[in-house]
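Q: Read off the chains here:
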Amino acid sequence: MKVAVIVFPGSNCDRDLYHALRYVGLEAEYVYKRRDLDEFDAITIPGGFSYGDYLRPGAVAAREEIGEEIKREAGKGKPILGICNGFQILVEMGLLPGALLQNPSGKFTCKWIEIEVVDNQTPFTSLYKPGERLRLPIANGFGRYVKGNLEPRVVFRYTEDINESDDLIAGIASQDGNILALMPHPERAYQRILGGEDGLRLFQSLKLFLEGKRSVSK
Amino acid sequence: MRYIEKLRKALGREPTFVELQAFNITWSEHCGYCHTKEYIKELPGVKRELNAGIVELGNGYVASFKIESHNHPSAVEPYNGAATGVGGIIRDILAMGTRPTAILDSLHMHTINQGIISGIADYGNSIGVPTVGGELRICEEYRYNPLVNVMAVGIGKSEDILPSKANSSDEVIIIFGAPTGRDGIGGASFASRELKEEEEKIHIQVGDPFMEKLLIEAFLRMNEEKLLTGAQDLGAGGVLSATCELMSKGNFGGIVYLDRVPLREPDMEGWEILISESQERMAVVTTRDKVKRILEIVKEFMLYGDVVAELNESGIYKAVFKGKTILEVPAKLLTEAPIEPTFRYEPPPMPSFDKVKISFEDVDAHEVFEQYDHMVGTDTVIAPGTGTALMRIKGTKIGYALVVHSRADLADLDPYWGTYIAVLESLRKIRAVGGKPLGITNGVNYGDPDVDPERLAAMMMGLKRGAEELKIPVVSGNASLYNTFKGKAIPPTLIIGMLGKVEDVESVPLGFKPSRIYAIGWSNFDRRREELLLRTIDYCVSKGYKVYSSSRLMTKTFEEALARQGFKLELWGLPQVERAHQMVIVFADEPIETIAPPVVEVGKLC
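The listed protein sequences derive, respectively, from chains A and B.
Using our numbering, you'd call the opening residue of the first sequence number 15 and step up by one each time.
Using our numbering, you'd call the opening residue of the second sequence number 211 and step up by one each time.
Only chain A is shown next, with the shape it has when bound in the complex (with noise of 0.2 Å):
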């Protein structure tokens, strides 16, 4: 089960990212540059600052070559994961609806919040139960996500209004399910000693997925 995670310059969540996967067993390699894909069973955008978010977070990377060789492999139906600026990547290509607008205290902000689990019907989100609070960190100065004119599919709710996003969202899934992003961060909770390990289901889901051993509803 090989996983690749999609390293832009100026990504800094990929190694994180890598290793959190290798922690629950799949293996991963990093991707730099435009390539097939096809190879990979699941593609993760790691979170960082893409070409600095001197644009808008994400705007250049969604831009990028390697950007066609992802929507080719969404189109497949494959898992494909976005975390915080991989989010708003994702968000930028188009193929997950709204957008990421700047927190309203205008600041970056760093720490620990609450979410809750509203669909666990994804290839990441098995292992949760739905309503289920999961404590995860956030790290970001765009982080306030408001809907375009559809309706997305809601997967992850804060449990309190820390950005204005509308409908408390924290993360959504495209309408099959196989495109995931949120902008909390599992990656960084995968281990007790990291102060929490509610982030550690997210890929375990995942392993369980690609394994045949979870299959979900579309």
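Source of the hints: derived by calculation from the structure; they are not laboratory data.
For each residue, glycine too, the CB sits at the ideal point set by N, CA and C.
Heads up, a few of these hints could be off.
Claimed, not checked - No farther apart than 27 Å at their CA atoms in a straight line, the calculated lysine-lysine pairs in the BS3-like style are these:
#	chain 1	residue 1	chain 2	residue 2
1	B	Lys681	B	Lys766
2	B	Lys723	B	Lys778
3	B	Lys814	A	Lys125
4	B	Lys251	B	Lys753
5	B	Lys247	B	Lys459
6	A	Lys125	B	Lys607
7	A	Lys161	A	Lys90
8	B	Lys500	B	Lys459
9	B	Lys542	B	Lys532
10	B	Lys219	B	Lys646
11	A	Lys227	A	Lys16
12	B	Lys247	A	Lys125
13	B	Lys502	A	Lys47
14	B	Lys500	B	Lys367
15	A	Lys47	A	Lys121
16	B	Lys646	B	Lys681
17	B	Lys766	A	Lys121
18	A	Lys16	B	Lys604
19	A	Lys85	A	Lys47
20	B	Lys509	A	Lys47
21	B	Lys436	A	Lys47
22	B	Lys367	B	Lys646
23	A	Lys90	A	Lys125
24	B	Lys604	B	Lys723
25	B	Lys528	B	Lys219
26	B	Lys251	A	Lys125
27	A	Lys125	B	Lys766
28	B	Lys604	A	Lys125
29	B	Lys500	A	Lys47
30	B	Lys436	B	Lys604
31	B	Lys532	A	Lys221
What the hints assert, rightly or not - With the Cβ distance kept under 7 Å, some of the chain B side facing chain A (calculated, not the full set):
#	residue
32	Asp564
33	Thr588
34	Pro719
Following the hints, position chain B against chain A.
A: Frame of chain A; chain B shown alone:
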């Protein structure tokens, strides 16, 4: 220029325009450590030829760490001044061959300056190095001269370590990173004098964290592929300082081809290229057979670079621009800045600190450190807010504790004792998380040494005695002098950065639990009791109790951190302590049976 007479004498003639520009930088206080070099020599355990101190953590791992200030730029242009301060120290750590893993910042300011905070946040967050700790000191005395000191830490394997010198005359120096512009010209000499009311921003460098991130990854790739034999970051004095240091430390000379430096402003003069302080650049030493691969990596990471200098045995530093030699002097002359005489100092007995004139506000620092990413890298075990920062090395049991700490309130009254006590208190903080101290990095922040040499000497002696008595080597440091405004100096502020090794990071008590709270120790300070206090701290840690050591006993930041972890803190009868005391707070779920120091139950955590 301060040392013009000395320069005339050394050259035996009038210096040229370019020589004046060059020596004005390399012989500045900022680059040459003219007033502090002699004191630094006296400190225990200083390794001279390295960029930043290196200590061994075991299993082949080493840690490099150093503190650096960016006070003058932050006073004039808070955002870019602070941002480039982070960038600069990160490159120091990188040049050692280690991957930067943690940042701590010590801020002294009269109010929370959002420009400075944003500068640190935007830069540190973007490059993906967590800001895991620091101190926030709010006091009116720093209104015109805020102090921005940043400590950076890097981790590597001992075989990855690079010297900051050339090793053979067959080698060449490649400069790569961001292209060079006119920004920061004269920055080093600007940082070596009093601030004026109207300052020119031309001296201030502009930071680009995206470029820095690319630079970090490109450099580490080169080192991983064993392409490098030495490295030096480009900071104050730009191309000039970096290349002449690499040559001089290896006892070589060389020719610097300024036309080959990639430019952002193509109409720059040779001397401007030589001394520009454009950020996000590195100088690496390599052999000719590796040049091609290095330049490939430079291109892969969307950076600019070229072979800028070729070494030789002459000992002469020669800079060429458009076919003309614009500078030709002995490399050693450039790097051996004049040294000011030291002030002999013998410490007085410890005064009563009742008469201390300044104090720091007790502010909740969450507002500040929550703007910093303190978790990226997933190695942060103890995050800011609850005491000493603790990091781990993945795949091992090794942990390392980090702290920055200063006591300018005490040092204002007595610079010797204030500094000395800061060293002792730093050690308590390291031991509070089970750390064994491996080294100190120091950040000297001072007023005008020409007006008042004694208090500088006192501060340096406080550091020396403290480090000697505790047997902790001072492995690196930085000095920022002339922090004055209209003749008024800041309080002598020496910041201690300390690193300690934790043998088994998994054995350190994680998080808090409902418990009783004890104050253990003495409400005043007596040096003879310090060992006993340290042994008590060790005992408490070994029993799995949480220990909190702070000069204020309890702080708003700590209380808020506990509240956010869902605890209610009930305190009764917290002892009144003197400014300098020997008391720590301990959280234990059972009565503590000690040894000598008095134990008072002061509250509970539920």
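Q: Please go over all the hints and tell whether each is borne out by the structure.
A: To see whether the hints hold, each was checked on the structure:
1. For the proposed pair Lys681(B) and Lys766(B), the alpha carbon gap of about 33 Å is over 27 Å, so the pair is violated.
2. Taking the CA atoms of Lys723(B) and Lys778(B), the gap is about 11 Å. The hint holds against a cut of 27 Å.
3. Distance restraint check for Lys814(B) and Lys125(A): the Cα-Cα separation of roughly 26 Å lies within the 27 Å cut-off, and the hinted pair is therefore satisfied.
4. Restraint check for Lys251(B) and Lys753(B): the C-alpha separation of about 40 Å exceeds 27 Å, so the hint is violated.
5. This hinted pair checks out: Lys247(B) and Lys459(B) have alpha carbons roughly 16 Å apart, not beyond 27 Å.
6. Restraint check: the Cα-Cα separation between Lys125(A) and Lys607(B) comes to about 26 Å, which is no more than 27 Å; the hinted pair holds.
7. With a CA separation close to 25 Å, the supplied pair Lys161(A) and Lys90(A) stays within the 27 Å bound.
8. In summary, the hint linking Lys500(B) to Lys459(B) is supported, as the alpha carbons are separated by about 22 Å, within the 27 Å threshold.
9. Only pairs whose Cα atoms come within 27 Å are accepted, and Lys542(B) paired with Lys532(B) is accepted, the gap being roughly 25 Å.
10. A distance of roughly 50 Å separates the Cα atoms of Lys219(B) and Lys646(B); the hinted pair therefore is violated under the 27 Å criterion.
11. The hinted pair formed by Lys227(A) and Lys16(A) meets the criterion: a straight-line CA distance of about 16 Å does not exceed 27 Å.
12. Simply put, Lys247(B) and Lys125(A) have alpha-carbon atoms about 42 Å apart, too far for the 27 Å limit, and the pair is violated.
13. Annotation: proposed proximity of Lys502(B) to Lys47(A) holds, straight-line Cα distance about 21 Å (limit 27 Å).
14. Annotation: proposed proximity of Lys500(B) to Lys367(B) holds, straight-line Cα distance about 22 Å (limit 27 Å).
15. At roughly 31 Å between alpha-carbon atoms, Lys47(A) and Lys121(A) are farther apart than 27 Å, so this suggested pair is violated.
16. Taking the CA atoms of Lys646(B) and Lys681(B), the gap is about 11 Å. The hint holds against a cut of 27 Å.
17. For the hint pairing Lys766(B) with Lys121(A), the CA-to-CA distance comes to about 22 Å; that is within 27 Å, so the pair holds.
18. As the CA atoms of Lys16(A) and Lys604(B) are separated by approximately 22 Å, the hinted pair is consistent with the 27 Å bound.
19. The suggested pairing of Lys85(A) with Lys47(A) holds, with an alpha-carbon distance near 15 Å, which does not exceed 27 Å.
20. For the suggested pair Lys509(B) and Lys47(A), the alpha carbons sit about 14 Å apart, so the restraint of at most 27 Å is met.
21. Simply put, Lys436(B) and Lys47(A) have alpha-carbon atoms about 23 Å apart, close enough for the 27 Å limit, and the pair holds.
22. The straight-line distance between the Cα atoms of Lys367(B) and Lys646(B) is roughly 20 Å, inside the 27 Å bound, and the hint therefore holds.
23. Proposed proximity of Lys90(A) and Lys125(A) is contradicted: the alpha carbons are some 36 Å apart, above 27 Å.
24. Under the criterion of a C-alpha separation no larger than 27 Å, the hint pairing Lys604(B) with Lys723(B) is consistent with the structure, at around 26 Å.
25. Among the hinted pairs, Lys528(B) with Lys219(B) is consistent with the structure: their alpha-carbon atoms are about 20 Å apart, no more than 27 Å.
26. About 43 Å separates the Cα atoms of Lys251(B) and Lys125(A), which puts this hinted pair outside 27 Å; it is violated.
27. Proposed proximity of Lys125(A) and Lys766(B) is supported: the alpha carbons are some 18 Å apart, at most 27 Å.
28. For a cut-off of 27 Å, the pair hint linking Lys604(B) to Lys125(A) stands: about 22 Å separates their Cα positions.
29. Distance restraint check for Lys500(B) and Lys47(A): the Cα-Cα separation of roughly 24 Å lies within the 27 Å cut-off, and the hinted pair is therefore satisfied.
30. Proposed proximity of Lys436(B) and Lys604(B) is supported: the alpha carbons are some 23 Å apart, at most 27 Å.
31. Distance hint between Lys532(B) and Lys221(A) is unfulfilled; the C-alpha atoms sit about 61 Å from each other, more than 27 Å.
32. For Asp564(B), the interface hint is violated, the least distance from its beta-carbon to any beta-carbon of chain A being 39 Å, above 7 Å.
33. Below 7 Å, beta-carbon pairs count as interface contacts, and Thr588(B) has one with chain A at about 5 Å; its hint therefore holds.
34. About 12 Å separates the beta-carbon of Pro719(B) from the nearest beta-carbon of chain A, more than 7 Å, and the hint is not met.
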